[in-house]
Amino acid sequence: MTILNDELREPVRNFTFPRHTLVSLLIFAAFWEVLSHLAPVLGIPPFAIPSLLKIGRSIVTITPIDIVVTLARVIGALLASFVLGLAMAMAMYRSETLEKYLHPIVRLFMAVPVVSWILFAVLWFPGVEFRIGFVLVVVCGPVFLIDTLDAMRSVPRELRHMIKSFRPTTLQFFVKLMLPAIVPTIFTSWKVNISLAIRVVTIAELVGAVTGIGHQLSVAQELFSVADVFAWTIVLVALLFMMEAIVARVETRLLRWRA
Amino acid sequence: MNIAVRSGPPPIEVRGLRKLFWQATSGQAVVAIDRLDLTIAPREVVAIVGQTGCGKSTFFDMMIGLEPPTEGTLHIGDKSPHADFDYFRGKIATVFQQDRLLPWRSALDNVKLPLELIGMHEEEQHIRALTWLNRLGLGNFVNAYPHELSGGMRQRVAIARAFVVQPDILLADEAFGHLDEVTAAELRETFLALARECGSTAILITHQLEEAIGVGDRVVVFGKSAKLLADIRVAAWPKEKYAVLREAIQFTLQNNQADPRLL
Chain A
7 MTILNDELRE
17 PVRNFTFPRH
27 TLVSLLIFAA
37 FWEVLSHLAP
47 VLGIPPFAIP
57 SLLKIGRSIV
67 TITPIDIVVT
77 LARVIGALLA
87 SFVLGLAMAM
97 AMYRSETLEK
107 YLHPIVRLFM
117 AVPVVSWILF
127 AVLWFPGVEF
137 RIGFVLVVVC
147 GPVFLIDTLD
157 AMRSVPRELR
167 HMIKSFRPTT
177 LQFFVKLMLP
187 AIVPTIFTSW
197 KVNISLAIRV
207 VTIAELVGAV
217 TGIGHQLSVA
227 QELFSVADVF
237 AWTIVLVALL
247 FMMEAIVARV
257 ETRLLRWRA
Chain B
52 MNIAVRSGPP
62 PIEVRGLRKL
72 FWQATSGQAV
82 VAIDRLDLTI
92 APREVVAIVG
102 QTGCGKSTFF
112 DMMIGLEPPT
122 EGTLHIGDKS
132 PHADFDYFRG
142 KIATVFQQDR
152 LLPWRSALDN
162 VKLPLELIGM
172 HEEEQHIRAL
182 TWLNRLGLGN
192 FVNAYPHELS
202 GGMRQRVAIA
212 RAFVVQPDIL
222 LADEAFGHLD
232 EVTAAELRET
242 FLALARECGS
252 TAILITHQLE
262 EAIGVGDRVV
272 VFGKSAKLLA
282 DIRVAAWPKE
292 KYAVLREAIQ
302 FTLQNNQADP
312 RLL
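Here the protein sequences line up with chains A and B, keeping their order.
When we follow our numbering, the leftmost residue of the first sequence carries the number 7, and every step to the right adds one.
When we follow our numbering, the leftmost residue of the second sequence carries the number 52, and every step to the right adds one.
Worth flagging that the hints you see were computed from the coordinates, not collected in a lab.
Incorrect hints may appear among the rest.
[Said to hold, decoys possible] Covered stretches of chain B, as calculated for chain A (at least 3 residues, CB under 8 Å):
| # | stretch |
| --- | --- |
| 1 | 108 to 120 |
| 2 | 144 to 153 |
| 3 | 160 to 173 |
| 4 | 252 to 259 |
Here a beta-carbon is modelled for each residue, glycine too, at the ideal position from N, C-alpha and C.
Turn these sequences into a full structure, and let the hints guide you.
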């Protein structure tokens with residue numbers, strides 16, 4: 007067997023040129039451009055399918071502050087949801103009684119439609135930021151909670167038994183075993199929740215905010231500016247991909263121990 | 052690093068130990084251990100043999116302190132490994148059938164784990180873990196993750212993890228049974244040599260008679276519900292009679308009563 011040192015390990019590849027993604031996006035863009043020119047012939051109003059040039063012009067006029075605001079809302083709420091969900095999952099893992107009482111409520115929260123949460127938030131809370139934060143946490147928190155709780159329960163009995171034989175404190179049990187063991191699930195949960203949060207924040211901003219991408223979408227809709235709607239949508243999608251890429255990068259780094 | 056031999060681990064006293072489990076489906080009680088009496092002297096190496104389901108693993112769990120007795124007492128010195136759970140942190144160490152290494156930790160970090168749990172200074176942890184990996188012939192693999200090691204190497208890491216705290220009591224549950232004969236024999240020898248050097252009391256649970264006779268100062272034979280069928284001092288048997296001893300233990304296990312040759 008060869009000597010294994012960190013220096014001798016195959017380095018993790020940092021970047022692969024996304025050739026296939028680029029080609030498929032270019033084909034889609036070309037198809038779109040052709041469609042925008044054919045729209046009148048096909049009986050579609052010309053403003054409904056703006057050309058790439060028009061969308062490009064709208065993108066150039068986009069206000070970065072709205073992107074920053076939406077991004078801050080998403081990241082802040084995701085962090086709060088994660089901490090809350092993880093803490094509750096740990097408490098529920100420790101106490102079967104607590105789990106029995108809380109589980110039905112969590113399931114109930116997950117069954118409530120996002121639009122209902124937004125309406126509740128508008129009716130209950132005066133502050134816009136709190137409303138948006140509330141909706142995001144109440145939607146994303148339970149996902150983190152259920153995912154991490156399930157993952158904790160799936161930690162092999164043999165490993166739990168092993169670490170208990172060395173007599174850890176409760177905190178050590180979670181820090182040394184449970185949290186590292188559920189890291190892969192935590193990353194999956196983050197990826198799911200990023201996508202969820204981007205969609206939810208857009209609707210929440212659309213309904214009750216005066217800043218952010220959702221609000222700008224609402225303005226574009228009022229002005230019948232389809233090009234602006236597309237531009238903001240492209241920004242949203244790009245944001246989502248960017249955040250997912252960052253999470254995937256961290257995931258690769260932290261889970262390099264996997265075969 | 053020299054291994055410091057302490058004044059000596061405390062004796063293990065088991066009196067009238069009983070362990071019942073209640074079946075979730077029927078609600079009926081299952082007797083896993085029925086009034087076991089056993090004394091293990093400090094630094095003794097005791098092999099416990101018994102058929103599957105005889106209560107060996109339950110006894111192992113009770114020695115670790117993970118299971119409380121239903122009746123009777125199990126004391127190490129004057130303390131109970133279950134009731135005085137925290138007291139035994141760093142004093143009892145285990146080697147399991149599978150290595151049970153944490154896959155996200157390197158060999159070095161796996162060996163450090165018990166030291167982290169007892170709150171040892173980080174520098175001291177590093178030195179100790181490295182020393183034990185070197186002693187077990189894994190000096191070139193300290194940064195390897197478990198999946199990068201062979202089964203025998205992983206078990207060596209697990210042994211290093213057990214010895215690194217220099218425990219009073221070492222427990223091994225079928226620790227070598229899954230390895231090929233050559234590797235198992237080699238590891239068994241290493242384990243025993245280190246246990247004696249450390250001055251630890253060692254309890255090995257096994258179903259392999261060869262292993263039990265080969266390693267134990269004593270071989271304790273468990274019948275159903277951990278009934279003590281025979282308690283054999285191996286030194287009293289000359290090596291040329293090991294075949295007879297093996298036969299007698301085999302007879303005892305099959306008939307759930309002590310072979311007259313063992314009395």
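Hints, verified against the model:
For the stretch 108 to 120 of chain B, the stated coverage by chain A is satisfied: 3 residues place a CB nearer than 8 Å to a CB of that chain, which reaches the threshold of 3. Counting residues of the stretch 144 to 153 of chain B whose C-beta lies closer than 8 Å to any C-beta of chain A gives 6; at least three are required, and the coverage claim holds. With 4 residues having a Cβ less than 8 Å from any Cβ of chain A, the stretch 160 to 173 of chain B passes the three-residue criterion, so the hint holds. Proximity of the stretch 252 to 259 of chain B to chain A, defined as three or more residues with a beta carbon under 8 Å from a beta carbon of that chain, is not established by the 0 residues found.
Hint compliance for this structure: hint 4 alone is broken.
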